[in-house]
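Protein chains in written order, with the working numbering: chain A, 1 to 174; chain B, 1001 to 1093; chain C, 2001 to 2549.
Hint data in this document are derived by calculation from the structure and do not stem from the laboratory.
Wrong hints could be hidden among the right ones.
Quick look at which bits of chain C chain B covers, simulated, 3 or more residues with Cβ under 8 Å [stated by the list, open to error]: (1) 2024-2032; (2) 2046-2055; (3) 2089-2103; (4) 2411-2421; (5) 2427-2433.
Ideal placement from N, C-alpha and C gives every residue a C-beta, glycine not left out.
Chain by chain, the residues:
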Amino acid sequence: MPLIDYGNGNPAIADDAWTHVADGAALPPDRPATISLERWKAERDGLSGRNLPLGVRLESHERIEEILPDLPRLALIALDFPNLNDGRHFTTARLLRERYRFGGQVRATGQVLRDQIDLMRRCGFDAFELAPGKDGASAAAAFEEISVVYQPAADTRPTAAQRRNRPPEQAVAG
Amino acid sequence: MAQLVITGNRLQDGAVVWRGPAGDWSQDIRRAAILAGEEALAESLGAARLDEASGRIIGVYEVEIETQDVRVRVVPARLRERIRAGGPTVSFA
Amino acid sequence: MYAYDALDDRLVRERAAQFRGQVARRISGALSEDEFKPLRLRNGLYLQLHAYMLRVAIPYGLLNADQLRALARIARRYDRGYGHFTTRQNIQFNWIRLEDAPDILEDLAAAGMHAIQTSGNCIRNTTTDQFAGVAADEIEDPRPWAEIIRQWSTLHPEFSFLPRKFKVAISGSPNDRAAIAVHDIGLSMARAPDGGTGFRVWVGGGLGRTPMLAEAIRDFLPGEDLLSYLEAILRVYNAEGRRDNLYKSRIKILVSALGIDRFRELVEAEWALIRDSALRLNEAEISRIRAQFAPPAYEVAEARQFAARRMEDTAFARWSTANLFSHKQPGYAAVTVSLKPAGGIPGDITANQMVALADLADEYSCGEIRVTHRQNLVLAHVRQDRLYDLWRALDSLDLATPNLMRVTDIVACPGLDFCGLATARSIPVAQRLSERLAEIDERHDLGELTINISGCINSCAHHHVGHIGILGLEKAGAESYQVTLGGSSAEDASLGKIIGRGFSADEIVAAIETIILTWLEQRRDGERFLDSLRRTGPAPFREALYGQD
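Assemble the whole structure, with the sequences as input and the hints as a guide.
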């Protein structure tokens, strides 16, 4: 599955260091791993001795608020998009970054298509597992398509209003 | 047994098209293959869905037609399909 | 009116280029129809019965003359020489080819326009009063705020995949001409005790399968907090709105399930966390936008000639009684250009009419045209001493039907003649009704009486809020028309009630005629239909339509 990593401020096609582990399956001894929210809630105490990075996967109806105290222990939150219409995790990602100050990776999984990833990035996602069969290299171009933003979001891009009302010496020419 | 034709819209321009006997798609419902029987329908629909998968045609489905006079004219049973076949019933600008 | 700066311009051009790439990927097969459909919808492109339909955004219904000319060019070059104005103050072209859509978006961008978010489960075009900025009864011109919302909602990263579509309407006046009670969010301009302006906020209105009037969520919201409050409402809706059932996914269902008090608690709690953020509007940006809606330079006009012409020419007198709205500037009037000639298609306009009207707007009305949510157009700044000349010009274009808010000013959706969702035809019913009712109105002077005809339960023609509403359904393979009485979208908003069993296509015109003739027997001097109905209740109408059974 192609992975686009935007963690360094530039999109890169990356090898995935992480393994998504199914409920009931053993965690790999040598690799970072994600588990489901349910499993995390059941096993979090037993996992306190693990020395490899851990991540939690949320389905589209699951709320990050259930595990806020655990965020410092987690290196990755994977937010699933089951179809093209379910946009709940756009909100989850913004809250993770802007309200809960999560500094790890926020990864989009599931039906992740090129034409949504720029909006996802604005909401705070920094890694994108594209849907199977999609070409990661051409998808990365999606980040360059729209250069003007009207809303403040989880990214640091100045909004149109901020650019307009800057002191004159900083104003951006048309 | 109902008689059926297969329809869809063409990807490039959205035009209403009807599937002919040779697997061709025509804007003229009179050129549609008239299907009777589950088997004929299943076979034609299967082939039509391949055109949908390849992206040429969107939204393939079958349409029941009125059974009288099919050799003279092909008239869908539902008003919606008659309007698709014949165009809007109102004259516009 | 608002003119794009370099940033606005760049965004719509980049958006057109982006869609060109998406169309190319669709045609090459890289995108499936399932993947492509949400993308084309977010650019206003639907697949209808006979072709693609492109819905172009007309933000808060405001156009300049050059934009109307650009729409005429699109109608001629890419369509069949006409367009259709909608109840959401937008315009639709019915005969578009997918391959042409990117070129059209580019042409629109060059004219400072777009088709962004005119469809799809996202925030749609913000609508407002067609007399904004000229009405004497308004607290403040709502259009700068509508433009602020337009920008905020455009390509909003968090709210582009909502449970369902989302519509905001603003009224600047306590006399609601923007139907705010039937929108997901309704904003009514209000004044704070300290004199500052802001909004009374309503939420959870809508029509469709489950019509509901909005409830008040906040009595006063300061203007500078507009966007953070909208964002709080949208965030609660995005997280909590139902996604398991298309028909229960609008915010009205969430508000009614939680109750307005619980919903308000959630919104206010969220708002408390984001109120002090970059969403707070700064005075420089509000002023920059407000300045672009400054009134035009009015001239001193005198009214004597207007009065004299009214005496001389009864046809002009009749039109000026029906189609003028009083302007706050003495000596001026706002003119409604009717797109409802008897027997015509409500809201349709030819490219030739568009071009001629653009010229008239330049000559008579500061180069500005507005679209109403009743599918008419408005020239908002006309000197009264020039009304007679304007009327003659409009009349020669068949654009001077004197019927604003009258029984032949029928609102109708495209219906089954064009629309893929429709269950019955709307246009032929509107055509037959307007021909028949024009006669009755001529004889009896029916006054204000609105008829709205929707061709399916999605209610694009807002039949629930027509004084007489007609809903076209398919029953046992045939068209069947259900009649509701008593709707209103004004400040006395109410939802119409079904009068009884439906009528066939052959019966519906006679049934409406029966309703009107029955009313005339009940009517007390000059009373509106709606007021008589509210006085008598539906019984006389039911009896006239169905007898004793």
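Against the structure, the hints come out as follows:
1. 2024-2032: holds (count 4)
2. 2046-2055: Since three or more residues must qualify, the claim that chain B covers the stretch 2046-2055 of chain C holds, with 6 doing so at under 8 Å.
3. 2089-2103: holds (count 5)
4. 2411-2421: This one holds; 3 residues, not fewer than the three required, reach chain B with a Cβ under 8 Å.
5. 2427-2433: Result for this restraint: holds, n = 3.
This entry satisfies every hint, going by the numbered hints stated previously.
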